[in-house]
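So the chains spell out like this:
Protein chains: 2
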Amino acid sequence: MNLAGPLQGIRVIDVTTNVSGPSLTMILADLGAEVIKIEKPDIGDDSRMMGPLWKGEGVYYLNINRNKRSIVINIRSEEGKKLVYDFVKDADVFVENFRFGKAEKMGFGYQDLQEINPALIYCSLSAYGQEGIKRYKPGYDAIVQADTGIMGINGSEDEGVARVAVSILDQGSAMWGAIGIISALYHRLKTGEGQKVETSLYETGIFWMGYHMLAYMATGEEPVKLGSNHASFAPYGAYETADNPVMIGVSNNSLFEKVCKVIGKEEWIEDKRFKTNLDRVKNRKELNHLIEKILKTKRSEYWITKFEETGVPSSMIQPVSAIMTNEQTESINMLTEIQHRKINDLKIPRLPFQLSKTSLEIKKAPPLLGEDTEAILKERGVNQETIDELIEKGIIQKND
Amino acid sequence: MNLAGPLQGIRVIDVTTNVSGPSLTMILADLGAEVIKIEKPDIGDDSRMMGPLWKGEGVYYLNINRNKRSIVINIRSEEGKKLVYDFVKDADVFVENFRFGKAEKMGFGYQDLQEINPALIYCSLSAYGQEGIKRYKPGYDAIVQADTGIMGINGSEDEGVARVAVSILDQGSAMWGAIGIISALYHRLKTGEGQKVETSLYETGIFWMGYHMLAYMATGEEPVKLGSNHASFAPYGAYETADNPVMIGVSNNSLFEKVCKVIGKEEWIEDKRFKTNLDRVKNRKELNHLIEKILKTKRSEYWITKFEETGVPSSMIQPVSAIMTNEQTESINMLTEIQHRKINDLKIPRLPFQLSKTSLEIKKAPPLLGEDTEAILKERGVNQETIDELIEKGIIQKND
Numbered sequence: 002m003n004l005a006g007p008l009q010g011i012r013v014i015d016v017t018t019n020v021s022g023p024s025l026t027m028i029l030a031d032l033g034a035e036v037i038k039i040e041k042p043d044i045g046d047d048s049r050m051m052g053p054l055w056k057g058e059g060v061y062y063l064n065i066n067r068n069k070r071s072i073v074i075n076i077r078s079e080e081g082k083k084l085v086y087d088f089v090k091d092a093d094v095f096v097e098n099f100r101f102g103k104a105e106k107m108g109f110g111y112q113d114l115q116e117i118n119p120a121l122i123y124c125s126l127s128a129y130g131q132e133g134i135k136r137y138k139p140g141y142d143a144i145v146q147a148d149t150g151i152m153g154i155n156g157s158e159d160e161g162v163a164r165v166a167v168s169i170l171d172q173g174s175a176m177w178g179a180i181g182i183i184s185a186l187y188h189r190l191k192t193g194e195g196q197k198v199e200t201s202l203y204e205t206g207i208f209w210m211g212y213h214m215l216a217y218m219a220t221g222e223e224p225v226k227l228g229s230n231h232a233s234f235a236p237y238g239a240y241e242t243a244d245n246p247v248m249i250g251v252s253n254n255s256l257f258e259k260v261c262k263v264i265g266k267e268e269w270i271e272d273k274r275f276k277t278n279l280d281r282v283k284n285r286k287e288l289n290h291l292i293e294k295i296l297k298t299k300r301s302e303y304w305i306t307k308f309e310e311t312g313v314p315s316s317m318i319q320p321v322s323a324i325m326t327n328e329q330t331e332s333i334n335m336l337t338e339i340q341h342r343k344i345n346d347l348k349i350p351r352l353p354f355q356l357s358k359t360s361l362e363i364k365k366a367p368p369l370l371g372e373d374t375e376a377i378l379k380e381r382g383v384n385q386e387t388i389d390e391l392i393e394k395g396i397i398q399k400n401d
Numbered sequence: 002m003n004l005a006g007p008l009q010g011i012r013v014i015d016v017t018t019n020v021s022g023p024s025l026t027m028i029l030a031d032l033g034a035e036v037i038k039i040e041k042p043d044i045g046d047d048s049r050m051m052g053p054l055w056k057g058e059g060v061y062y063l064n065i066n067r068n069k070r071s072i073v074i075n076i077r078s079e080e081g082k083k084l085v086y087d088f089v090k091d092a093d094v095f096v097e098n099f100r101f102g103k104a105e106k107m108g109f110g111y112q113d114l115q116e117i118n119p120a121l122i123y124c125s126l127s128a129y130g131q132e133g134i135k136r137y138k139p140g141y142d143a144i145v146q147a148d149t150g151i152m153g154i155n156g157s158e159d160e161g162v163a164r165v166a167v168s169i170l171d172q173g174s175a176m177w178g179a180i181g182i183i184s185a186l187y188h189r190l191k192t193g194e195g196q197k198v199e200t201s202l203y204e205t206g207i208f209w210m211g212y213h214m215l216a217y218m219a220t221g222e223e224p225v226k227l228g229s230n231h232a233s234f235a236p237y238g239a240y241e242t243a244d245n246p247v248m249i250g251v252s253n254n255s256l257f258e259k260v261c262k263v264i265g266k267e268e269w270i271e272d273k274r275f276k277t278n279l280d281r282v283k284n285r286k287e288l289n290h291l292i293e294k295i296l297k298t299k300r301s302e303y304w305i306t307k308f309e310e311t312g313v314p315s316s317m318i319q320p321v322s323a324i325m326t327n328e329q330t331e332s333i334n335m336l337t338e339i340q341h342r343k344i345n346d347l348k349i350p351r352l353p354f355q356l357s358k359t360s361l362e363i364k365k366a367p368p369l370l371g372e373d374t375e376a377i378l379k380e381r382g383v384n385q386e387t388i389d390e391l392i393e394k395g396i397i398q399k400n401d
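Residue numbers (the working numbering), protein chains in the order written: chain H, 2 to 401; chain X, 2 to 401.
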């Protein structure tokens, strides 16, 4: 096991804020890259104040900024810009998620930085992409969920509009950006050539909708909201029991037979209403009603045990409190305890994959604002006098 | 622009089925890798029959299998196994998503294949990971959404259980697997060393829940279902108008001021119920009610125009039919038309990122079952007589 991670030796200059950009650079950091997070004076990354706060630190920030170092620079000042340009000279990757056109205005466009370092991999992460009428639009995860059709099909029929409750566009676009950057690094290792990587929340949203779009093209029918059900399979969904609902998923006849046996309805196996998946999908409402009537006679634990014994995919609807401490989460070490200067019992989830020969360790807690300002500048040969002068002028800030 | 893609020259042996595995290998294929999709006789990948069908082809299958070649091999037969082992000899990547332990039983475990090719990158994509009591459990996207807490917070308060309407665990784990594999390829290019990559739907689900888990640790409070609202911000959500709902997202005071001006309620800017984001979150219900009362007096188009003019993040709740053909989707070329032997007007979404110097083209339609069986074997020097014999014995199948 190599403790360094596959991207050891890669240096990333990160001027991103909020969720998408910092999620992207966290992936690179966990993979072993050195990430220098450049933050604005006084406030830093806006996500530091996205509540709830934990000992004064925003949980959004804490979730996606481990393994990075923080330096505070006023990059709008001429002297601040010069510091960034100096970083870019020997950096491998630069990541920005400014509003469209702002990076160029500030002197941090791809052309500007490529001139300083032709082998640089430059990544732009935006709301709507770098083309089209909407490219100037601001966009949060939920706004773009609405604009890409995801929100229109999420939730239950005849019920209110519901966004997807996790950041599938912010963090999804971060993942695509990471795939692009690592692919570009691979290309560079072979050819020496740098390039620009672009991704956006909008593209990510349209892509999540892939099979819904194809289904629409195939049938001409708008998909409807199906709650916990699945358009292509039945029975598939959450059913009430005597206490809590249980989720089951049946995708073929053999699993349906198992369900019938568990609930004591073996006659349904040959029932023409339910014989094939197509029949079951057509008669979904009737089938759901009949299954639920039976499941309501006993408690969820009874049913889950029975379903698990027979191999029917099934689960309780777990609350957040349970997923952190259950046996499975612990067996696979999903949560890592990490020393933080303010928070004693901080635990954060590791990336959801593992490499057998290179570690993806969480080594450093999410930094306090400007925690590494001095150390980073000193490594680059800036002397104490100059550092003090830059602090005096408000170009940089440190945290003691 | 290099038309080949950054992973040109990489050969992937793909024995996966359904959604997660094929999504992963599609990412590698779009990046330029050669993907050989090995399918079982007669039926092939189960997703070929996941409805709705389009001219006999399942839309799930069509969505995630372009740029691959299909070969039909009965990999349970001795002769079939030998063919796979021969492929592995000079392959770069092997991807499987069998149930836990099955790859090993069949002779396709990491140890087996590493002996044949020590530099191989081997990826296992599973439901619950390779450790822990649940590792034997089958799991679909929605089952694991229930088991990782996602389903418990998705949807609206006091309403039915709703899964996330797009495959965030199947396709999310595919993305993590791709990040792992490309990182491992990068490591191999530097060191020559192959390794094993592991990911799962369960790990992916727990990771999506990161900030919800941290919020729970910070506050001790279970998150509640918030429909289109956001726990950390207000006003943030979908509001009824005279016709269709509109989504707005306000994360700071400056955006709130803009909303107040648009809806003619500038007095709210200094109103102590709504002065800070914290106040607005606390008084969310009251604020939502008041905003909606005003928005209901005019039509959605009026409000969207006003919000866009002033820079308030906003959107209609788009239906699927609209997202495919709107100006933004077309400007960024999100959908690619591709020639298919059965479907004349097939369009599929490209990956949601772009590289400036290497193309991510969609060059080949999702293959028919066994479309490339003969071509692939001939490339490997298998002669026509042997091919015919293997077909005769039912070891391979082709499609004319």
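Think of the hints as simulated: they come from the structure by calculation, not from any bench. Treat each hint with caution, since some may be false.
Pairs involving identical chains hold if they fit within one copy or between any two copies, as the list cannot separate such chains.
What the hints assert, rightly or not - Restricting the straight-line Cα-Cα distance to at most 25 Å, the calculated cross-link-like pairs of lysine-lysine (DSS-like) are:
#1 Lys226 with Lys348
#2 Lys399 with Lys262
#3 Lys365 with Lys226
#4 Lys56 with Lys365
#5 Lys90 with Lys191
#6 Lys358 with Lys191
#7 Lys365 with Lys348
None of these values were measured; they are calculated from a predicted model.
*Given a CA cutoff of 25 Å, do Lys90 and Lys191 count as a within-copy pair, a between-copy pair, both, or neither?*
both (21 Å within a copy, 23 Å between copies)
_One pair to classify: Lys56 and Lys365, alpha carbons no more than 25 Å apart. Within, between, both, or neither?_
within (18 Å within a copy, 54 Å between copies)
*When no copy is named, should Lys226 and Lys348 be tagged within, between, both, or neither for a Cα gap of at most 25 Å?*
between (36 Å within a copy, 24 Å between copies)
*For Lys358 vs Lys191, is the C-alpha pair at or below 25 Å within one copy, between two copies, both, or neither?*
Close inside one copy (22 Å) and across copies (13 Å); limit 25 Å.
*Check Lys365 against Lys348 for me: Cα-Cα at most 25 Å, and say if that holds within a copy, between copies, both or neither.*
Within. Shortest intra-copy distance 12 Å satisfies the 25 Å Cα cut-off; inter-copy 45 Å does not.
*Intra- versus inter-subunit Cα pairing at 25 Å for Lys399 with Lys262*: Neither way: Lys399 and Lys262 sit 66 Å apart in one copy and 39 Å across, limit 25 Å.
*Between Lys365 and Lys226, at a C-alpha cutoff of 25 Å, which is it: within one copy, between copies, both, or neither?*
neither (42 Å within a copy, 33 Å between copies)
In terms of the numbered hints stated before, the structure departs from hints 2, 3, listed from lowest to highest.
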